[in-house]
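Please build the complete structure, drawing on both the sequences and the hints.
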Amino acid sequence: MSLKFLLLLFFFLLLNFAMIRNAAAMTTLLIPGFYSETCPDAEFIVRDVIKKSMTREARNAASVMRLQFHDCFVNGCDASVLLDDTPNMLGEKLGLSNINSLRSFEVLDEAKEALERACPGVVSCADIVIMAARDAVVLSGGPNWDVKLGRLDSLTASQKDSDDIMPSPRANASYLIDLFNRFNLSVKDLVALSGSHSIGKGRCFSVMFRLYNQSGTGRPDPAIEPKYREKLDKLCPLGGDENATVDLDATPELFDNQYFKDLVNGRGFLNSDETLYTFPQTRGYVKLFSANQNEFFKAFVQGMIKMGDLQSGRPGEIRKNCRVVNRRPVDILLES
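Residue numbers (the working numbering): 238 to 573.
Just so you know, the hints here were simulated from the structure itself, not pulled from any lab data. Cβ coordinates follow ideal geometry from the N, Cα and C atoms, glycine included. Careful, some of the hints might be misleading.
[Unchecked claim] Simulated restraints, written as ranges between beta carbons of each label pair: (1) Leu266 - Pro324: 18 to 24 Å; (2) Thr275 - Gly476: 52 to 58 Å; (3) Lys524 - Asn337: 30 to 36 Å; (4) Gly521 - Asp415: 17 to 23 Å.
Right, here's the structure in full:
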């Protein structure tokens, strides 16, 4: 056997051992304060980056928060959504629910770069997503909570998995109940977490089918309140720019319960929003949260923590760059 082959075999076995060890680590209990000794300023650093990004553009808060949803539902909270495509991998950024929709990846890049300067190789991108989502809520006037940390970053991503899992804006409450149930998230969790649309904007593309039928004769969704329909007609005219954006509720920069008040009044932007009020199983929670902001905040926090617990059990690592997996010795040997 050649020396190169023996070295290759050695590194392959070493890599497999590390992957097995890391796979076990991915299923361990996540805890608050995970970085208290290894990177005590981690949460402060991430919050500072999010705060500065919101100063540049308020919409960054909603965009950053949304990344937790699109990451955790697809094979667990492992930062797979942050990976760029490679010649051998179609990632999740171009998934049907993500393309031309997910944004603010550069904010997570900034947080990672700041953490690498302070604590190289310590804080995972997956944990950054979780911290950043919490901070986006807090800095927008929403509730605060202790995030559980200790995740590893995935070694791959899957556009197919994203397409198979992530719902369309045309989805209705019945479909969403079934989807959330797959992840042991309750009807109450679904309605509360939908309150993430308290901040941010949606694209006209997502509402066109509610405003105009395919022949263009204009048969609006009867659930849309007439004056709100007039507003949407102006903002999203037939034949207009479908990438134009519309506020998701009447207070798009403030995390509050206005979203639920709007649903009660027929002013839900997405079909997946408004059907939460028209569907019997979810209507009661919409009414509750529209009348009691504290109840919404409490349920939202519980839902975010439960969603943050989703893990795949697959091998992982601490990425140096959130957009690419680390190069390993075996990779270098194979390239030589």
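How the hints compare with the structure:
1. Leu266 - Pro324: 18 to 24 Å: violated, 37 Å
2. Thr275 - Gly476: 52 to 58 Å: holds, 55 Å
3. Lys524 - Asn337: 30 to 36 Å: Roughly 34 Å apart at Cβ, these two residues keep to the hinted range, so it holds.
4. Gly521 - Asp415: 17 to 23 Å: holds, 18 Å
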